[in-house]
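Kindly generate the complete structure, drawing on both the sequences and the hints.
2 protein chains.
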Amino acid sequence: MRTAVSLSVPLAVLIASSAPLPAQDPPAQDPGQSVRAVRAYLEHNEATVLRELRDLLAIPNLGSDLPNIRRNAETLVRMLERRGAKARILETGGAPLVYGEIGDPSLPTILFYCHYDGQPVNPSQWAQPNPWNPILRTGALESGGREVSRWPARGEPVPPEWRVYARSASDDKAPIIALLHILDAWRASGIEPPNRLKFLFEGDEEAGSKFLPQIAGEHRDLLLADLAIMADGPIHPSGRPTAVFGLRGIVTVTVTVYGPIRPLHSGHYGNWAPNPAMRLAQLLASMKGPNGEVLIEGWEEDVIPLGAAERAALARYPQDDDAQRLQFQLGSLDGGGAKRMELITQPSLNVRGLQALFTGAEARTLIPDVAVAELDLRLVAGNTPERQLEKLVRHIERQGYQVVREDPDSAFRVNAPRLARVEVRDGYPAGRTSLEHPAATALVTALSAAGLGKPVVIPTMGGSGPAYVFTDIPKMPFAALPVVNHDNNQHAENENLRLGNLFQGMEILAAAAAARLRD
Amino acid sequence: MRTAVSLSVPLAVLIASSAPLPAQDPPAQDPGQSVRAVRAYLEHNEATVLRELRDLLAIPNLGSDLPNIRRNAETLVRMLERRGAKARILETGGAPLVYGEIGDPSLPTILFYCHYDGQPVNPSQWAQPNPWNPILRTGALESGGREVSRWPARGEPVPPEWRVYARSASDDKAPIIALLHILDAWRASGIEPPNRLKFLFEGDEEAGSKFLPQIAGEHRDLLLADLAIMADGPIHPSGRPTAVFGLRGIVTVTVTVYGPIRPLHSGHYGNWAPNPAMRLAQLLASMKGPNGEVLIEGWEEDVIPLGAAERAALARYPQDDDAQRLQFQLGSLDGGGAKRMELITQPSLNVRGLQALFTGAEARTLIPDVAVAELDLRLVAGNTPERQLEKLVRHIERQGYQVVREDPDSAFRVNAPRLARVEVRDGYPAGRTSLEHPAATALVTALSAAGLGKPVVIPTMGGSGPAYVFTDIPKMPFAALPVVNHDNNQHAENENLRLGNLFQGMEILAAAAAARLRD
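Chains as they are written, first to last, in the numbering used here: chain A, 1 to 519; chain B, 520 to 1038.
In short, the hints are calculated from the structure, not lab data.
Cβ atoms here follow ideal geometry from the backbone N, Cα and C, with glycine treated the same way.
Wrong hints could be hidden among the right ones.
Said to hold, decoys possible - Some chain A residues near chain B, calculated using beta-carbon distances under 7 Å:
1. Ser124
2. Gln125
3. Trp272
4. Glu362
5. Ala492
To be verified - In silico negatives: residues of chain B with every beta carbon more than 10 Å from chain A:
6. Glu593
7. Trp670
8. Pro824
9. Ala831
Spelled out as structure tokens, the structure:
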């Protein structure tokens, strides 16, 4: 199954690629040794890692595109098996899960979770024609990075500033590639896996991980580990190893405000027929104050307060708010002066989309028939989707609205002075592990010993992810290890991966994989 | 130029079509006689009128589609000439104007103004594939009107409830067809034009009549008349002749609120990076109260109050608000209990479009980079576009915004706590003629004498139109005579014309054309 290598490739690669295994040391939970093995491997294999990433990114990965999603999953099974892992597909009601394991079953176990699906794309907004046809650039597009026509050949070095542009380059196929090449690196250095490793690669994360909780319940023993590590999200901009012990939950909601049954001429009927776009604006405005503070009653209720260890970690966190404000060209900030990392420990309400009739060249002098807002509500530990949604609906009702779940009929419409439809798309709760848990301590210790800088420890990340599936169902400690560049355009057009982050990410994940979980 | 007719067509039609003119009476300003001539003509020519309408609607008429707009104009010149009118094209910087005249130059003069351009179309929202391929139906689409595959042959009657579905069927090609067939009707009855008639057909009305004021200035003598009549807009739902002595002005404005330079992940940056969709909502909400009342300072300033005659006309106006509320399925109304016809005598502020990132299946968990609102501001007599716009901009500034006209650069962005761009698309003022002007009285008298019911007299219509071009430039009295069905879906998808309104409209316009303007 291995690719043939040319004679110009150095000996170490030949050993890794095709030579019989050398005699191996007994497994040692030695993060430093694990990291050194990765460094030795990368000296000659950066292009090999890059090329396998390119091939994986070339498989389209919208969660709803089931034929291509399955191609991704089957490719991942083969990639695991090629490294000596046992691998299988776990079928769900949607995209298949890929499960794999390697290492001595008597060792402590780490479950690595990643996702192989990506956010929807609007190719017209990308600088490249096809987001699934990866482009290599000499740097960030915004900084004048030029396209590199020839991808480095096996054995050639790869400049760390180069970037791969493609959907899921960072979110979240890069960590999958990193983990698999750590196995290759260990093998090349003659190291046995220092812990038993389990892999779980999901294909429905961007659609809300609908099937993951059920699978985690049905396969509890399969997934159970001494520590679950989610490899997803951007590393701290300082480049220091970043360990995150909680992820927010999320509920996405569509709010539709109704006006006349059809668009009306704004001259003949304006000032008289209520305008649903204006009413939606008033409704949304009632939800937040001038500094972005949520005004919905009880919004911060239910939140489990951070403990002393978490507050201390936030105090130590290297704040980068000012630099980010300039980078994003923001003339002011929400949150009344609080730091971003503190603000994301609170539940949020974000207007992610607005629409009523037309803007631009198609605009016409009409009163819209409906106006729509798409909201995402981020949840923190203690929140539940049901409770947060209930607060939102109560708030809308208090603004004088009748709230429906389905399109109302005409009898309903003429009798409701204000009428809104609230549709819930997806939702799941947050998950968080105490910084004082022994597995959390062991992970931070391993990262510290890897010689990659003092770890940045974050009680909870701003992004959502199915941490609760690990913390609440098989009930195990959880951490996220984000490794990709923070300016990766995650979820947006021109998503990209800085390759220096991919290679450093291999070192970080290799240190974590060797964490000493039992004394 | 006339079409050959078959032997089965009655004698009156043959006379109208090809026989030499009979000896004619001297012109009489007799509205009753003029209406009777139309009725006699329609007995055998409904299908002829309908077919010429169909042919005119089949020429696409977006103001920006200059080749097709010119085809419309050239067709209209030929249609005028075919009736013995002198006709020519007046070139503008945009769509050509069509000018025509007929009748004894010593007679009082009425200028009829219509427009031949139409609003933009989104064919996917229409029930028919092509809005410029007219469809004949047995009734309104909403009431189950079925498509009629065979259009009536010449001489056949046309049921009044049948409707033509096409862009501009009502707005505003129907009145053009009506006026031209009144000339045929007079000719068929041996009547000379009772007044000298001028025709002005515009091709840029829906784009804001940008070129009309200049043309009206340059060709002041050509356009000058004892009365200008605009044939546009929907008749009162009672079907009684409707005379409107003012039209509102309009300014359309695009308001863009800026957020981060690119969309940001709502989890990592929410609660911290301000959301421009929320800020736009708050900004719009600051502009109107819960009953739709405009809160912008001085919004009703500058308005010239209605006189006693106008107030009396409003008091006599047959209110239909309750029926319209039920028809449009509105559960409440703006305006604090005032009648629609009173409310439209005030300036308005309408949100005609809203947009930020995506709604529906494309929605993604992002903080938008910008949010856009399209506004239309309707003006009444006394308002000017400049003043109304200035009030809007001052209001936005008072909400803490820096207001720019062009896209701001990054240095500007990071220094502006709140930043909005205000772009003005189009604008012109209102125009209104006193109900006590002798020409106004003469018109109402003519309509009363036509036997079509007591005229509904309206001081100003809700819709905008370039009345000011007539009232303010050649300075002549002005009236609008709307004739099409009120449920014509003007400006929206599935625009249609009820054919009974077309035929009755010919009678109304024929009465007006015979108004006794000088004693």
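Which numbered hints turn out to be false for this structure? Numbers 1 and 2 - these are the hints that the structure violates, sorted from lowest upward.
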